[in-house]
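Engineer: Chain residues, written in single-letter form:
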Amino acid sequence: MSEFNYDTIPYIGEIGALHGKFDPAGAVKDHKNLAERQKLNNKIVESLEKAIELSGLKNGMTISFHHHFRDGDYIVNLTLDKLAEMGFRDLIVAASSLSDCHAPMIKHIKSGLVQRIETSGLRGELAEAVSRGLMDAPVTFRSHGGRAYAIETRELHIDVAFLGAPSCDPYGNANGYIRGVDQGIMCGSLGYAKTDAQYADKTIVITNHIVPYPNIPFGIPESDVNYVVVVDEIGDPEGIMKGATRFTKSPMELLMATTCADVIEATGRFTEGFSMQMGSGGASLAVVRFLRERMIRQKISASFALGGITGQIVEMHEEGLIKKILDVQSFDLTAAQSLKNNRFHSQISASYYASPSNKGTAVNQLDIVVLSALEVDINYNVNVLTGADGVIRGAIGGHPDTAQGASVSIIILPLTRSRIPCVVDRVNTVVTPGETVDVIVTNHGVTVNPRRPLLAEKIRKYGIPLCSIEDLRDKARKIVGDPDPVEYTDKIVGIVAYRDNTVIDVIRQVKE
Amino acid sequence: MKLRRTMLYVPGNNPGMIKDAGVYPADCIMFDLEDSVSLAEKDAARFLVHEALCTIDYPGKELLVRINALDTEMGREDLEAIVRTGRATIRLPKTESAQDILDCEKEIARIEKDAGLVPGSTGMMAAVESAKGVLNAKEIACASTRLIGIAIGAEDYVTDLKTNRSPEGIELLFGRSMVLLAARSAGIDAIDTVYSDIDNEEGLRKETTLIKQLGFDGKSIINPRQIQPIHEIYTPTEKEISKSLLIIEAIEEAKKRGSGVIALNGKMIDKPVALRAQRVLDLASAAGLLKRREEA
Chain A
1 MSEFNYDTIP YIGEIGALHG KFDPAGAVKD HKNLAERQKL NNKIVESLEK
51 AIELSGLKNG MTISFHHHFR DGDYIVNLTL DKLAEMGFRD LIVAASSLSD
101 CHAPMIKHIK SGLVQRIETS GLRGELAEAV SRGLMDAPVT FRSHGGRAYA
151 IETRELHIDV AFLGAPSCDP YGNANGYIRG VDQGIMCGSL GYAKTDAQYA
201 DKTIVITNHI VPYPNIPFGI PESDVNYVVV VDEIGDPEGI MKGATRFTKS
251 PMELLMATTC ADVIEATGRF TEGFSMQMGS GGASLAVVRF LRERMIRQKI
301 SASFALGGIT GQIVEMHEEG LIKKILDVQS FDLTAAQSLK NNRFHSQISA
351 SYYASPSNKG TAVNQLDIVV LSALEVDINY NVNVLTGADG VIRGAIGGHP
401 DTAQGASVSI IILPLTRSRI PCVVDRVNTV VTPGETVDVI VTNHGVTVNP
451 RRPLLAEKIR KYGIPLCSIE DLRDKARKIV GDPDPVEYTD KIVGIVAYRD
501 NTVIDVIRQV KE
Chain B
1 MKLRRTMLYV PGNNPGMIKD AGVYPADCIM FDLEDSVSLA EKDAARFLVH
51 EALCTIDYPG KELLVRINAL DTEMGREDLE AIVRTGRATI RLPKTESAQD
101 ILDCEKEIAR IEKDAGLVPG STGMMAAVES AKGVLNAKEI ACASTRLIGI
151 AIGAEDYVTD LKTNRSPEGI ELLFGRSMVL LAARSAGIDA IDTVYSDIDN
201 EEGLRKETTL IKQLGFDGKS IINPRQIQPI HEIYTPTEKE ISKSLLIIEA
251 IEEAKKRGSG VIALNGKMID KPVALRAQRV LDLASAAGLL KRREEA
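For the record, the sequence lines run as chains A and B. Residue 453 in this note's numbering sits at position 453 of the first sequence; the count goes up by one each step and never skips. Residue 26 in this note's numbering sits at position 26 of the second sequence; the count goes up by one each step and never skips.
Worth double-checking, as some hints may not be accurate.
Said to hold, decoys possible - Simulated crosslink set (EDC-like; lysine to aspartate or glutamate; CA at most 20 Å straight-line): (1) Lys249(A) / Glu51(B); (2) Lys249(A) / Glu201(B); (3) Lys461(A) / Glu253(A); (4) Lys475(A) / Glu51(B); (5) Lys475(A) / Asp57(B); (6) Lys110(A) / Glu128(A).
As the list claims (entries may be wrong) - Incomplete in silico selection of chain B near chain A, CB under 8 Å: (7) Lys19; (8) Asn223; (9) Pro224; (10) Arg225; (11) Pro229; (12) Glu232.
No lab work stands behind these hints: they were computed from the structure. Given the structure is predicted, the values throughout are model-derived calculations rather than measurements. The C-beta atom is built at its ideal place from N, Cα and C for all residues, glycine as well.
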């Protein structure tokens, strides 16, 4: 080593990321072997309480959770109970989504532990309570892409992320399945958690299954994890797989699915190498089934399928009909297992999936997306968030992200549900703007957004009769009449952010 | 020709199914006030079907209502409610004799007059569901000019025969044949019974292939999922369509020439050939095949 004076190095004041002259004391080497290191020197802390203390969490800070365990999640309730016990207050809960199983959060809101919520969706008792004015601060609803965008730009700053993982090694390499073991909890992709882990100030992985280092492949790398906590249970497998792949027998869903498959074929995008995203509802799954038959018949394959992944998509991948799968969320056990077993089934982060601000996002590569809806209006706006009674009962998910990103966005919904019209003058809550919606398929007819005349022409030429959105609204009105308008108070209980995080609508408290 | 390949049963007490029945591609919708409706719901079903007929559009569909047997008070009330709408053909269940048809016709005529409807405008369809009915099929089919068709109801019929339904349907062969011959002798349609195992598409296809070959115009169905397989079987092949088009063209050509002799490729075209060709084209047209050919 040559002798030098650190301070006399030219431009030393301008060259960043140099921390003074090297001190040999900073190069202490650990001579323990791997087994000794894993035992003595790892990120496992003795309890959740200890991890919370180490994270430096303070009142008023933001904590985050993912929803890959869906309705079987134990992590949110477990963590909030612990935080309540430790006396925290005024926390902001930034969950990727919240389900029926999170009803216990109501008591934590009432007690002052949770001051505000950021999420993609709310369901069940919690949603009902929020709609009826439970909280002082409105809930912010963001799409998966919009949430990732807000996190990346640090506008949604996560202080501590609490992320459940079905497997984790002592250093924090975490995943949604356990390599080599089929038993136990499994959720597949950790897509939303990946973004949280990357950007949170502190990340705590909560697992019930410690595996040897290195836990590869990993959804969350150890470089993004500060602490690992081991608990007995992180979720209920039944709830995690709730809504697993099913073959619908409903004639109505099959009818809509056939029409939708016809529409897809008619768009001209149904050619070799096309790309798609499908939802997980009965009709969407049936669309996949009909597409499969047509792909075999026409000897074409898709380059990739994106988004929430189901067993049906996996089967098509394994048959060679879909070359690659980009999985931000595994919808069922088959999808979760495929992520483990299939080379070209890849888990992607919410940012990679749909953020509008990163260097490249997968939704922009979509040819076709098929999406469901609670209601649509004559301006082609879509609501997937509030029911006909004004109560929150859904999730934005990737709806606006994919509708904008895909070349053709198709909304599939029945004209009426029971006595509720689904095509209306104005949706209760605008989630996906009509500007990005191309085709609406109902059981009573198909309509193409007038903004897409060439697409309409193609579909008409294919032999699918088209009607106007007003025709559909009138038909719905004729069948079920005009429902009384929902009555609201002036209080805003929810803010709906578009994917660029501009406010597209607000949700008001329903009047009792 | 009116296509009656599929007659979709819709329980008269199910508002959801009644409102959506028109979206399926069945040729006919048959609202049921009889066996699928429990006694406690008979009134509600009658009211519901009446209202549906008065208010809901079912474009392109032939509408029928299966009423309760006329020897019950319910049957007469059904007729009062349905005939007055002027929109549906009455399907009379468990018909056993020509007199049953005449009794029903008399009631219908009375209601038509009372409601100011065109006399004779309400169609009728008979269903035979017993040994007696089958043996009287010819008289039943010829009993009224209102009759558009005659159907066989297999479940009651096989019970009456003291047997049950087999996958091959051998026990139904005589009954089906009798109903078919009765229909043809009266110049009306013959409609086959339901295939009740809705998840067995292969069985449905097998049975439909059989009844098509026997000469039936179509089947009653209990689930919209049964429509497509039946329509597929009733859809003529490309070869049949091409041949039929040539036959009809040859007839048109001969008409233009004023010639009474029609020949195609050296072979005479007689009336049965022409009728068969026209039926093939009607079926092709219903399946949308002719339109696609024209566009191509």
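Engineer: Against this structure, judge whether each hint is valid.
Structural biologist: Taking the hints in turn, this is what the structure says about them:
1. Lys249(A) / Glu51(B): With a Cα-Cα distance of about 29 Å, the restraint between Lys249(A) and Glu51(B) is violated, given a limit of 20 Å.
2. Lys249(A) / Glu201(B): Satisfied, since the Cα-Cα distance of roughly 12 Å is no more than 20 Å.
3. Lys461(A) / Glu253(A): violated (24 Å)
4. Lys475(A) / Glu51(B): Distance of about 16 Å is within 20 Å: holds.
5. Lys475(A) / Asp57(B): Measuring from Cα to Cα gives roughly 9 Å; hence the hint holds.
6. Lys110(A) / Glu128(A): holds (14 Å)
7. Lys19: Hint on Lys19(B): holds, closest Cβ of chain A at ~5 Å, below 8 Å.
8. Asn223: holds (6 Å)
9. Pro224: holds (4 Å)
10. Arg225: Hint on Arg225(B): holds, closest Cβ of chain A at ~5 Å, below 8 Å.
11. Pro229: violated (12 Å)
12. Glu232: Hint on Glu232(B): violated, closest Cβ of chain A at ~13 Å, above 8 Å.
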